Amino acid sequence: MTEVSTVTDSTISDYPDVGDGAGARALTPRVGPLEGLQQTFSLAWRTLVQIRHNPLEIIDFSVQPLMFVLLFTYVFGGAIGGSPHAYLMFALPGIIVQNSLFTTLNTATGLSTDLKEGFFDRLRSLPIARFAPLSGRILADIAKQAWAVGMLLGVGAIMGFRFGAGAGRPLGVLAGIGLVLVSTLAISWALVLVSMLAANPEKVQIFGFVVLFPITFTSDAFVRTASMPGWLQAWSKANPVSLISDAVRGLMVSGPAARPVVESLLYAVAFTVVFAPLAVRAFKRRV
Amino acid sequence: MTYSIMAEGLVKRFGGTAALDGIDLAVRAGSVFGLLGPNGAGKTTAVRILATLLHPDGGHAAVCGHDVVTHAHQVRQLTGLTGQYASVDETLTGQENLFLIGRLTGQSRPESRARARDLLATFRLTDAGDRAVKTYSGGMRRRLDLAASLVSRPRVLYLDEPTTGLDPLSRNEMWDVVRGLTATGVTVLLTTQYLDEADQLASEIAVIDHGAVIATGTPEELKARTGALTLAVRPAEPAEVPAVLAIVAGFTRAEPEVRNTTVTVAVGDEAVMPAVVGRLEQAGVRVAELTLRGSSLDEVFLSLTGHRTEEPEGSVAA
Numbered sequence: 001m002t003e004v005s006t007v008t009d010s011t012i013s014d015y016p017d018v019g020d021g022a023g024a025r026a027l028t029p030r031v032g033p034l035e036g037l038q039q040t041f042s043l044a045w046r047t048l049v050q051i052r053h054n055p056l057e058i059i060d061f062s063v064q065p066l067m068f069v070l071l072f073t074y075v076f077g078g079a080i081g082g083s084p085h086a087y088l089m090f091a092l093p094g095i096i097v098q099n100s101l102f103t104t105l106n107t108a109t110g111l112s113t114d115l116k117e118g119f120f121d122r123l124r125s126l127p128i129a130r131f132a133p134l135s136g137r138i139l140a141d142i143a144k145q146a147w148a149v150g151m152l153l154g155v156g157a158i159m160g161f162r163f164g165a166g167a168g169r170p171l172g173v174l175a176g177i178g179l180v181l182v183s184t185l186a187i188s189w190a191l192v193l194v195s196m197l198a199a200n201p202e203k204v205q206i207f208g209f210v211v212l213f214p215i216t217f218t219s220d221a222f223v224r225t226a227s228m229p230g231w232l233q234a235w236s237k238a239n240p241v242s243l244i245s246d247a248v249r250g251l252m253v254s255g256p257a258a259r260p261v262v263e264s265l266l267y268a269v270a271f272t273v274v275f276a277p278l279a280v281r282a283f284k285r286r287v
Numbered sequence: 288m289t290y291s292i293m294a295e296g297l298v299k300r301f302g303g304t305a306a307l308d309g310i311d312l313a314v315r316a317g318s319v320f321g322l323l324g325p326n327g328a329g330k331t332t333a334v335r336i337l338a339t340l341l342h343p344d345g346g347h348a349a350v351c352g353h354d355v356v357t358h359a360h361q362v363r364q365l366t367g368l369t370g371q372y373a374s375v376d377e378t379l380t381g382q383e384n385l386f387l388i389g390r391l392t393g394q395s396r397p398e399s400r401a402r403a404r405d406l407l408a409t410f411r412l413t414d415a416g417d418r419a420v421k422t423y424s425g426g427m428r429r430r431l432d433l434a435a436s437l438v439s440r441p442r443v444l445y446l447d448e449p450t451t452g453l454d455p456l457s458r459n460e461m462w463d464v465v466r467g468l469t470a471t472g473v474t475v476l477l478t479t480q481y482l483d484e485a486d487q488l489a490s491e492i493a494v495i496d497h498g499a500v501i502a503t504g505t506p507e508e509l510k511a512r513t514g515a516l517t518l519a520v521r522p523a524e525p526a527e528v529p530a531v532l533a534i535v536a537g538f539t540r541a542e543p544e545v546r547n548t549t550v551t552v553a554v555g556d557e558a559v560m561p562a563v564v565g566r567l568e569q570a571g572v573r574v575a576e577l578t579l580r581g582s583s584l585d586e587v588f589l590s591l592t593g594h595r596t597e598e599p600e601g602s603v604a605a
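Top to bottom, those sequences are chains A and B. Residue numbers for the first sequence follow our numbering, beginning at 1 and rising by one. Residue numbers for the second sequence follow our numbering, beginning at 288 and rising by one.
Bound conformation, chain A alone:
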């Protein structure tokens, strides 16, 4: 379709009460907490509705993890884990963590795009909570993550992935999903900071890959660390991706859970304490 509304007689006579309302409306002194929450949901809605108009984005957070599971399981699985099935049992929790981590990159590039294209100016000129653009984006990405985690578990189940036995297992599975969401939320603060400091979304993307890729692959998300050189093993054991992967394995399949869960949560707290204030400060400065 081309432009529908070219000039007709170019008089717009009929203005439905454009400028009257403010006089009748009482001004509020500040944004209430409930309003802030509502605005967060509205902005999360905005991020999610973008998907409808840009279906390619679905590839970003659906097809990519699917490819990882299929390729790793059927191509490398036998060689790494003895059989594709044995490998899937080991690697699926790791792939879930890896995927969630990469999804945080969406938060960062999305924020960066908004900053660059002036949409933030519009938001900032509105009487809304200053944190709403940030919290709305994060909430939307948590929703995307939850979708991806559920999808990976579903596809994994079809491929033969089974949760460990035991009466407490369903709770463990839920706790595992919760842990992934909480940990990646904490780590996303670091990426939010990057997006506030970077000049454009492309730079955020590059930073994300340069940093996230090596961190993810030097963990035990995909392979056991035993075959790595000693120095790499030492790093891998301290790598948060390893700890979260171990915790999810312990909670969903088998093995010790308590220690990696606690350590993962400590990482989450550390990331939040260090990066959330920095990110919010940088955010306030930029917006």
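No lab work stands behind these hints, which were simulated from the structure alone. Here the structure is a predicted model, which means the values were calculated and not measured. Be aware that one or more of the hints could be misleading.
Stated by the list, open to error - Taking lysine to aspartate or glutamate and the EDC-like style, the derived pairs with C-alpha atoms no more than 16 Å apart in a straight line are: (1) B:421 / A:117; (2) B:421 / B:377; (3) A:116 / A:202; (4) A:237 / A:263; (5) A:116 / B:377; (6) A:284 / A:57.
Said to hold, decoys possible - Which chain A residues stay away from chain B? Per the calculated CB distances, all over 12 Å, these: (7) 31; (8) 67; (9) 153; (10) 212; (11) 222; (12) 278.
Quick reminder that beta carbons are idealized off the backbone N, C-alpha and C, glycines included.
For this one, chain A is given, so just place chain B on it according to the hints.
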């Protein structure tokens, strides 16, 4: 007389340079106020401070009596901003953009939906309402952006260079839109680089340059002071330039300028033309070219400041 916008001694520095160097503004309620100046004069900086997007380094500003720094939230409830670049979400449809802003400003879902529909109709975007904004033309985007800033029914509207980059057709459309707005009682602060635009729309104009107001008044007052029209006379004989200068000097307070052999000077109204022709005839000066045209912003600046708009920083004649 009530004022919707008051600013006193606004200062804003970026690095070492002062983008605003002590600006005073008083905008009457319900009027269209034009902030006229060349690129880099500080227009956008001023608007961003008044819209609470930037903190001033000095001075004060208030909108409807609310300080833009200490009572930013109140100011935001009263104002709408349409920036130089359309600040809408390109991936959403026009309807969704307006709906989102309705929701963000506390309207219910049905209210937001109805408001979006009304505004789309007002700005003749109904047919495009369900298409992603990235498919819109430049003029359509600007109209949507303006609609977006009206969703919350602001009392004060900032239009930052609303027609920069638009083709003449879209510019005329935008002018009609702004004229229509004033009929509703909204106070409009308009920034522009075009004298013509300020003249067409504003009831009062402040000319700013290098972050300072160098003249204020109604368009008529400014035109009387600076000359709204430019008279150009080129004598057939270069030797007659001094004679031409002497003649045109009798019709204006402005300083005539000579380029090659063409004498240009700002004049107040077109009645000057026949009089000048008469005097030239009397004096026996043969004329190769004689034109009367609207003054450009550059010429207004020349007559106000003694320098042209492109002159480098530091050559300010205050």
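Hint check against the structure, violated hint numbers in rising order: Result: hints 6, 7 break, sorted rising.
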